[in-house]
Every structure is written in structure tokens, then in C-alpha cells.
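Peer 1: Input sequences plus hints: build the corresponding full structure.
Listed in order, the protein sequences are those of chains A and B.
Note that this note's numbering gives residue 15 to position 15 of the first sequence, counting from 1, and the numbers run on in steps of one.
Note that this note's numbering gives residue 1214 to position 214 of the second sequence, counting from 1, and the numbers run on in steps of one.
It is worth saying that the hints were derived from the structure and are not from the lab.
Since the model is a prediction, treat every value here as computed from it, not as a measurement.
For glycine and all other residues, C-beta sits at the position ideal for the given N, C-alpha and C.
Mixed in with the good hints, there may be bad ones.
Think about it this way: if two alpha-carbon atoms lie no more than 27 Å apart in a straight line, the pair counts; the simulated DSSO-like pairs of lysine-lysine are [unchecked claim]:
1) B:Lys-1070 x B:Lys-1228
2) B:Lys-1223 x B:Lys-1164
3) A:Lys-130 x A:Lys-86
4) A:Lys-130 x B:Lys-1228
5) A:Lys-18 x B:Lys-1070
6) A:Lys-152 x B:Lys-1070
To spell it out: a stretch of chain B is covered by chain A in this simulated footprint if at least three of its residues, at any positions, have a beta carbon under 8 Å from a beta carbon of chain A; those stretches are [what the hints assert, rightly or not]:
7) 1194-1201
8) 1211-1222
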Amino acid sequence: MQLHHQKHHQTYITNYNKALEQLDQALAKADSSSIVQLQSAIKFNGGGHINHSIFWKNLAPIREGGGEPSKASLGWAIDTQFGSLKALIQRVNAEGAALQGSGWVWLALDKELKKLSVQTTANQDPLVTKGSALVPLFGIDVWEHAYYLQYKNVKADYLKNIWKVINWKYASEVYEKENL
Amino acid sequence: MGSCCYSPSPSSSHLLATDFFSWGFKSSKLPFLQKRRFDRSQRASKICGYYGLRTPPYKLDALEPYMSLKTLEMHWGGHHRNYVEGLNKQLEKNDILYGFTMDELVKVTYNNGNPLPEFNNAAQVWNHDFFWESMQPGGGDMPKLGVLQQIEKDFGSFTNFREKFVEAALTLFGSGWVWLVLKKEERRLAVIKTSNGICPLVWDDIPIISLDMWEHAYYLDYKNDKGKYVNVFMNHLVSWNAAMARMARAEAFVNLGEPKIPIA
Chain A
1 MQLHHQKHHQ TYITNYNKAL EQLDQALAKA DSSSIVQLQS AIKFNGGGHI NHSIFWKNLA
61 PIREGGGEPS KASLGWAIDT QFGSLKALIQ RVNAEGAALQ GSGWVWLALD KELKKLSVQT
121 TANQDPLVTK GSALVPLFGI DVWEHAYYLQ YKNVKADYLK NIWKVINWKY ASEVYEKENL
Chain B
1001 MGSCCYSPSP SSSHLLATDF FSWGFKSSKL PFLQKRRFDR SQRASKICGY YGLRTPPYKL
1061 DALEPYMSLK TLEMHWGGHH RNYVEGLNKQ LEKNDILYGF TMDELVKVTY NNGNPLPEFN
1121 NAAQVWNHDF FWESMQPGGG DMPKLGVLQQ IEKDFGSFTN FREKFVEAAL TLFGSGWVWL
1181 VLKKEERRLA VIKTSNGICP LVWDDIPIIS LDMWEHAYYL DYKNDKGKYV NVFMNHLVSW
1241 NAAMARMARA EAFVNLGEPK IPIA
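Peer 2: Shown next, in the form of C-alpha cells:
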């Protein structure tokens, strides 16, 4: 956790700031080629910052309610759309396990269609790259750095256990706020 | 790649034919013919072509302290092995892909940019085989003779090449590999980076050296300190001997010099 937050996340923020500074300079000089060139660095580091900021909110220690499924409208929506919480977990874990390389698995709310969906994004692409109406309810980091020290290459175990600390309360709040 | 009576040896990743007919399994380039021939006798005996996990050309702890035994055990014994087993499982169900060498399999499953599901496993098996052989205990230092000459010709100096290589490794987003390749069309060396499992073979380039930048390759030893990992690789692990052998072979496919055509 410490490594993830203080090294990886910090590095994303540092590089994001650096890229933004460079962007500022390029904008001032109207240097189009630099502006466009910086886009991938901004997407990667900015995305990394956004995603990890959401991620920390998505987790809660067991003693603070982590892992307790939502009993409010989110729980109901999950049951209606996926059949049961178990089915959702299976689906998310399958997508996470099948993801090649680095990326994230999300439970998203599609604001326009008013539906839940399971999405994956590659590297540090934020969820909106999959659809501008998608709002992340929670995401699971499946970059190797997220689980390697504890689970080594057994990604499946990480995906099984992460559910014990998912902060459903936060997800419910976001859901109720956005599902107007 | 014509031999069909192959006795499997531990360091072989070629096809292991089990239960083959004496009159069967000839040309590896006519898989369709094979399928038709054996249709009637499918029940009697099955042709199975599998790939094996090739061991690195050194003991698993030989790269200490630069790459720990634990990493080798995890990386080779866990990840690489999973790719091999995954590939074999996929090949069980798909007859068309039997009979290919690993190189051919990678190019075929890449399918010109629209990869088949087998691509990831095949490419990663190839990549890791190549990677273990790109390193050696007591590696690092500088290349010699032809390789050095070519590097100096194409990069200006070895230092410049090294800088480019390290920079590529550190600016790779996500999981991937960094390569020193010999470009066939341009007839020169270049440093390239690829994502996930992609391998320069698919573009018909000839890899000379590779470095695994997936996090699992360095996380146990260096945590998130990519810079240290890459520098240690360049200083202590990279096998220029392997590079020389590969260059020598590559020169059979790429004409690096100007032909000396005598004038009358």
C-alpha cells in the first residue's frame, strides 16, 4: 500500500505536474507540435493520478465497513442487472484476469443509458476514454505493482480478496448522486 | 524444421510429437493435408504438437545479485511457464496452428495487426525465451567487433545507443519490452519499444537484444525503481555474446555493407 501510494501515485503526480508545466510553456509559445506531443504524457500521468485518487476512495478497512455490500439502490441495481452480487464479482474478476498487460477494471454507471456496466481500460486510461457518459463507481487496479508483493503472479487471488475491502458505501453515494 | 521423429530434450521448445504414426506427420507446411489424412483414424491415435518450457542457459541463481533467484523462479517458473501452458491449452483445440515453429506461430497469430487469441501466449513465450538468452552471468560491459562497429555506425557511439535504450525503457507506458533490432528494410540497428507482448518479428525486423519492462520482471528486486533495473541490466546482465551470434545470423538475411563490385 505504502509503495503504491507514496511511490507510484506520487510519481504520476510529479510527472503530471511536469507535463502540465511543459504544456503551459508550449501553449504560451503556440508550439503545436509540443502541445500534441505532450498529450500522451498527460493522458498517462494525469490518468494515473485520477485513477489512483478514485482507487483510494474505493477501498476501506474491514472494520470501517469495507466489503459490506450496499443495501441501497446500488445493491438493487446490481441484482436487477447482473442477477446477483456474486455474478457481478465473477464478471469483474473474469475481465480483470483476462486483461493483458496493465490496466484497470471498473464498475461504471452509464449516465445516459442509466445502466451499470463492467469496463476495462488499458494502462492508465481514465474511464471516460471508454465513453463520455461513464461514471466510475469503483475501479480495481490490475497493474502488477498493485498486487505483486503480496500475491506474486497469482492475480486471481488478488481479485478474490480485494472484494473484502471494497468501499461499497462510497460507490453507493456516487451512484445515487449521478443516477438522477 | 523437417524432423518429425524428434526425441524431446529438456532445452527444446520444438514440437514434441507423441503417438505419431510412422507414415504420418510429414510436412509442417501442409497442416490442411494432415488433417484430412488423419480424419479416419482420429480415434485410434492423436497427433499432439506441444511446446515445452525452455530453460535459461544458466542456473536460476546465476544472475545474482542483479536479478535474484526469487525473480527467476517467479518470472520463469511462474509467468513464462503459464504462457507455455496457456499456449498448449489453446493449441489443443486449434488444429490449424499445429506444425509451426515458434517464429512462424508468432507471425501467423499476429494476423497483421488483428491478433488471434493465441498471439499473446505465443509471443510472450517467444519473448521470454529470447530475453533469458539476452542475458548472461558476468554480462554487461561493451560489445566487440562487428556489433560494436554497427552500433557506432548507426548510433554514433555506444554511449549514445545506451542512452537511447535506457530512455526508451523509462518512457514506456504500461507493460512492454525494449529492443535493439536490426531493421530489415532500412538495414540498420534501432532501439524500439513494444507494448504488452508485441515482438519485432511481426514487422519482419530481427531482434538482437531485449529487456522485459513488465513490472513482474523487476518488482521483487527493485520495486518501482525502473532506472536502477535498466542500468543494472546494461552494466551487468546484457549478453553481448548472444548479440554477436544473432547479428551473425542476421547478416544472412540483411546486407549490411555495400557490395564490393569490381569495376572491370
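Peer 1: Indicate, hint by hint, whether the structure satisfies it.
Peer 2: Hints, verified against the model:
With a CA separation close to 18 Å, the supplied pair Lys-1070 (chain B) and Lys-1228 (chain B) stays within the 27 Å bound. This hinted pair checks out: Lys-1223 (chain B) and Lys-1164 (chain B) have alpha carbons roughly 23 Å apart, not beyond 27 Å. Proximity of Lys-130 (chain A) to Lys-86 (chain A) is assessed by CA-CA distance (about 25 Å); at most 27 Å being required, the pair is judged to hold. For the hint pairing Lys-130 (chain A) with Lys-1228 (chain B), the CA-to-CA distance comes to about 35 Å; that exceeds 27 Å, so the pair is violated.
Among the hinted pairs, Lys-18 (chain A) with Lys-1070 (chain B) is inconsistent with the structure: their alpha-carbon atoms are about 36 Å apart, more than 27 Å. Of the pairs offered as hints, the one joining Lys-152 (chain A) and Lys-1070 (chain B) holds, with about 11 Å between alpha carbons and a cut-off of 27 Å not exceeded. Residue count for the region 1194-1201 of chain B with a Cβ under 8 Å from a Cβ of chain A: 3. That meets the three needed, and the coverage hint holds. With 5 residues bearing a CB less than 8 Å from a CB of chain A, the region 1211-1222 of chain B meets the requirement of three and the coverage assertion stands.
Consistency with the previously given hints fails for numbers 4 and 5, ordered from lowest to highest.
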